[in-house]
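Protein sequence lines, in the order shown, are assigned to chains A and B.
For the first sequence, position 13 matches number 13 in our numbering, and the numbering has no gaps at all.
For the second sequence, position 255 matches number 255 in our numbering, and the numbering has no gaps at all.
The hints are simulated quantities; they were obtained by calculation from the structure and are not laboratory data.
Only a predicted model underlies this, so the values are computations on that prediction, with no experimental measurement involved.
It is possible that some hints are incorrect.
Said to hold, decoys possible - On the chain A side, residues computed to face chain B include the following (Cβ under 7 angstroms):
| # | residue |
| --- | --- |
| 1 | G46 |
| 2 | L47 |
| 3 | L74 |
As the list claims (entries may be wrong) - Chain A residues, not near chain B, derived (Cβ > 12 angstroms throughout):
| # | residue |
| --- | --- |
| 4 | L98 |
| 5 | V152 |
| 6 | M153 |
We treat Cβ as the ideally placed atom computed from N, Cα and C, and that holds for glycine.
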Amino acid sequence: MRYVLGGGLAWFLAMFQASSVAQVHVLGVTPNLLLVMLVCWLVVRGLDDVLPMVAVAGITTGFVALETPGVALLALLIPIVLLGVVRELHVVHSELLLVAAMVLVASVLYEGVMLLGAMATGGVLDPLGGLTDAVAPAALVNLALMPPVYFVMRFARPDARRRPSYLL
Amino acid sequence: MTARTFVWTGFLAILAFALMAASRFTLLDPVHNLTLDVTSPVQSLLSDSTRPIADWVNNITDARGLSQENKRLRAENERLTTELSLAREDSAELQALKDLQAIQQQFPDDTFLETSIVARDSSNTGAIVAISRGRSDGVREGMIVVTEGRSLVGTVSKAFDDYAWVRLITDPKSAVSAMVQESRAEGVVAGDYGGGLTMEFVGQGAAVKEGDFVVTSGVGGGYPPGIVIGRIARVRKTEQDLFQKVDVDHLASLSALERALVLMSFEPKGYDRP
Chain A
1 MRYVLGGGLA WFLAMFQASS VAQVHVLGVT PNLLLVMLVC WLVVRGLDDV LPMVAVAGIT
61 TGFVALETPG VALLALLIPI VLLGVVRELH VVHSELLLVA AMVLVASVLY EGVMLLGAMA
121 TGGVLDPLGG LTDAVAPAAL VNLALMPPVY FVMRFARPDA RRRPSYLL
Chain B
1 MTARTFVWTG FLAILAFALM AASRFTLLDP VHNLTLDVTS PVQSLLSDST RPIADWVNNI
61 TDARGLSQEN KRLRAENERL TTELSLARED SAELQALKDL QAIQQQFPDD TFLETSIVAR
121 DSSNTGAIVA ISRGRSDGVR EGMIVVTEGR SLVGTVSKAF DDYAWVRLIT DPKSAVSAMV
181 QESRAEGVVA GDYGGGLTME FVGQGAAVKE GDFVVTSGVG GGYPPGIVIG RIARVRKTEQ
241 DLFQKVDVDH LASLSALERA LVLMSFEPKG YDRP
């Protein structure tokens, strides 16, 4: 049941990202609410829960957000899986710091894959321009978007009110 | 990583590459068309209902001022500069014309198909929009799309039965043969990852200056000559470089575009499917 709910949420988020969030431009880029929510979900619930959501979100984004199907899925899959492995290492004890670092890294990886995809399929070969105009601003904007998204998810977890681990 | 996670990851990676391959061989075109059929009402609803919030956020984060005013001024600017550009192109004939009729007379034999924007690319590394016309309306890949003020928007990159994708001129994969209207200096206007336009391959000796108009040159047959692209915002010239680099401000407000026109009467030459 939780996978069905997760899949439904991922589908709605992908639709919302493509139609509503795409209208917002901060620092010249569009925030990626979908990616931020998936990373927060990964930190709160773990890789097993988030992979089916990645599948639904990646495929939906590929078709509704006018991107090449498969590229968005790959761009979501790479950071989520890598960061899922990092999460299991328990190297950072503060969950808030962990999720902030993961959103930053995930954004760089996601935009990096999209940039490589664009350059590999005929886009202008300007990696420095891509980094300064798309990747870096997107990482900063997503990081700014993280706190409210994380706290909503954090407090939606049943035991969160009793033991807020971000204070550890 | 559990075995289950490992299997999921492998499956999704294979699926991603399979989808890319299927897309390359146009196997997914019917799925794209069906998806837009099903989701465009939902997208329109979501987009319309959240537009005030998006505008509010954009206004807060937009240091240059209110985006609505900016949008209105850009549209006004586009209309006026297009009229001015066209008047310069053939001043003897066009000086007498004072309103929109002047623009229409520039394309006396051309036919346009009106369309609306139904979806946008939400990535930060591309600039594509979906329009509400497709193969069933006669839209073909390579066709030119312009604004209602007749400045260049982009090219149809994929045509489905009822919809089509338009690659905007600001997309990093877009390259348009262009020339500076005043000096006739030729170059290529290309998009970049920041949503801007740069005119490249402009010779060091070419006379170009800020404020000059940039129009399509027609070289290569992909675009008809004389369509306004934008105005020169900045010229970057160093002794070491072979070419000048020219920043171009496009006239149309492409990020807020809601309607466009497909130029049906122009047949692009040598267009290969991307």
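Okay, the hints, checked on the actual structure:
The interface hint given for G46/A is violated, since its Cβ lies 9 angstroms from the closest Cβ of chain B, which is over the 7 angstroms cut-off. The criterion of a C-beta within 7 angstroms of any C-beta in chain B is met by L47/A, whose closest approach is roughly 5 angstroms, and the hint holds. Hint on L74/A holds. Least Cβ distance to chain B is approximately 4 angstroms, under the 7 angstroms limit. For L98/A, the shortest C-beta to C-beta distance to chain B comes to about 18 angstroms, beyond the 12 angstroms cut-off, and the non-interface label holds.
Its beta-carbon lying about 17 angstroms from the closest one in chain B, V152/A satisfies the requirement of being farther than 12 angstroms from that chain. Remark: the non-interface label on M153/A is consistent with the geometry, its nearest Cβ contact in chain B lying 20 angstroms away (cut-off 12 angstroms).
Comparing the model with each numbered hint stated earlier shows that hint 1 is the single one that does not hold.
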